[in-house]
Amino acid sequence: MTPPPWSWQEETWRSKVNHVRAGRSMKPAKWKNGARCAVALSFDSDHETNELRDGGKSIGRMSQGQYGNRQGVPRILNALAKHNAKATFFVPAVAAMLYPDEQRRVVAEGHEVGIHGWIHELNSTLPYETERDLMFRAADMLERITGTRPVGMRTPSWDFSPDTLRIERELGLLYDSSLMADDDPYELIEKGEPTGIVELPVEWIRDDAVYFNMHRFNGLRPHTPPTAVFDIFFREFERAYEEGGLFLLTMHPHVTGYRSRIWILEKLLEEITRRSDVWIATHAEIAAYVKAECPK
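In UniProt numbering, the protein residues as written are 1 to 296.
The set of hints was computed from the structure by calculation and includes no laboratory data.
Don't take each hint at face value.
Stated by the list, open to error - Simulated pairs of lysine-lysine, DSS-like, Cα-Cα distance not exceeding 30 Å: (1) K296 - K16; (2) K16 - K191; (3) K30 - K82; (4) K296 - K30; (5) K86 - K32; (6) K57 - K296; (7) K191 - K267; (8) K267 - K27; (9) K16 - K27; (10) K82 - K32; (11) K30 - K86; (12) K267 - K57; (13) K191 - K291; (14) K291 - K30; (15) K191 - K57; (16) K296 - K82; (17) K267 - K16; (18) K27 - K82; (19) K32 - K296; (20) K57 - K291; (21) K191 - K296; (22) K30 - K267; (23) K291 - K86; (24) K32 - K291; (25) K267 - K82; (26) K86 - K296.
Treat the numbers as computed from the prediction; the structure is a model and nothing was measured.
Full structure from sequences and hints, please.
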C-alpha cells in the first residue's frame, strides 16, 4: 500500500516535483523581424477520437467530431488564409487516418501538423512501453500522410506522464506544448538536466473547450457567450503584446467551428493583424527561433 502524501520523506516529494520542471526562460530579447510579440495559434483536431478513446459508445458524439472535419477545419483554414496567418494543428493519428486529405490541405496551405497521440489516449494511464509505442507510431503515421516529420507534440488533454518527456527526447522533438509553468517559452528540465526541448506553454484560460464543452450525461453545459470568450482571449493577447511575450491560443474545430463561434477567431485575427509588429507563426517556427536566439 502506498503511504499517504503527508507521511512522505522530503526526498520523496522533492523527487516528484523535480521530475519535470521549467528551466531557463527562452523568451527572446526580440522577436523575428523586430516584432513586439509572437502569436501561436493552435487547433487540436481531435474529431471522433474524443469518443473513441473512451470506447466509442456514442454515435452522436462521434458525429459531433465529424463536424470538426466537415465544417470546423474548413472555416478555420478560410479565416487563417484571409489574414495570411500560419498555425499549428495537433492531430491524433487516428483522426489523421480518418481524414488524410484534411491533413494534406493543412500542410499545403503552409500550416504545421504536430503529434497529438494515437487515439487521444491519456498518457498517465499507460506504461512506458505502450506510451512510447503509440507516440512513435503516431509520428510515423503523420509523416506518412503529410510527407513531413512532426517536430513537436501536444499530449492529448495535456496529460503528461512521468515518461512523456523521456519519450519526447527519444523522438528527438524540438518542442512540447502541454505544460503550464510560464506564459512565455522555456526549456524543459528532466531530473535536474536541461533537455534542450522548448516548452510553448498552454493554459486552460486560453482554451475554447473550457467555455463551450457540452456533455449530456456529465452535466456539462455551455454557459459562456462568444463575446465573453473573445474578451478573455483578447485581454490575454493585449498583455502579451504589452510585455513583448508570446500569446498562445488553443482551439478545437469541433468546438469553435460553429457559425456563432468562428467569429471569435475571425475577430481575433482582425484585431491582431491591425498591428504591424506582431509575428504570427507556427509552433515549430517559434520554437526554432527562440532556440536559436537563446543558446545555452
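Quick rundown of the hints versus the structure:
Our distance criterion of 30 Å between C-alpha atoms is met by K296 and K16, whose separation comes to about 26 Å. A distance of roughly 9 Å separates the Cα atoms of K16 and K191; the hinted pair therefore holds under the 30 Å criterion. As the CA atoms of K30 and K82 are separated by approximately 27 Å, the hinted pair is consistent with the 30 Å bound. About 17 Å separates the Cα atoms of K296 and K30, which keeps this hinted pair within 30 Å; it holds.
Only pairs whose Cα atoms come within 30 Å are accepted, and K86 paired with K32 is accepted, the gap being roughly 14 Å. A hinted pair counts as satisfied when its Cα atoms are at most 30 Å apart, and K57 with K296 does not qualify at roughly 49 Å. For the suggested pair K191 and K267, the alpha carbons sit about 42 Å apart, so the restraint of at most 30 Å is broken. Note on K267 and K27: the hinted pairing holds, with a Cα-Cα distance of about 27 Å set against a maximum of 30 Å.
Of the supplied pair hints, the one linking K16 and K27 holds, its CA atoms being roughly 26 Å apart against a limit of 30 Å. As the CA atoms of K82 and K32 are separated by approximately 22 Å, the hinted pair is consistent with the 30 Å bound. Proximity of K30 to K86 is assessed by CA-CA distance (about 20 Å); at most 30 Å being required, the pair is judged to hold. The hinted pair formed by K267 and K57 fails the criterion: a straight-line CA distance of about 36 Å is larger than 30 Å.
Between K191 and K291, the direct Cα distance comes to roughly 21 Å. Compliance with the 30 Å bound is thereby established for this hinted pair. Annotation: proposed proximity of K291 to K30 holds, straight-line Cα distance about 13 Å (limit 30 Å). Restraint check for K191 and K57: the C-alpha separation of about 40 Å exceeds 30 Å, so the hint is violated. Distance check on the hinted pair: K296 and K82 sit about 38 Å apart at the alpha-carbon level, beyond 30 Å; violated.
Straight-line distance between C-alpha atoms of K267 and K16 comes to about 42 Å, which puts the hinted pair past the 30 Å bound. Restraint check for K27 and K82: the C-alpha separation of about 29 Å stays at or below 30 Å, so the hint holds. At most 30 Å may separate the alpha-carbon atoms for a hinted pair to count; K32 and K296 meet this at roughly 19 Å. Taken as a hint, the K57 and K291 pair is broken in the structure, with Cα atoms around 44 Å apart against an allowance of 30 Å.
Between K191 and K296 the CA atoms are separated by roughly 18 Å; this keeps the pair inside 30 Å, and the hint holds. This hinted pair checks out: K30 and K267 have alpha carbons roughly 26 Å apart, not beyond 30 Å. The hinted pair formed by K291 and K86 meets the criterion: a straight-line CA distance of about 19 Å does not exceed 30 Å. Using a Cα cut-off of 30 Å, the hinted pair K32 and K291 holds, with the two alpha carbons roughly 12 Å apart.
Note on K267 and K82: the hinted pairing holds, with a Cα-Cα distance of about 12 Å set against a maximum of 30 Å. For a cut-off of 30 Å, the pair hint linking K86 to K296 stands: about 28 Å separates their Cα positions.
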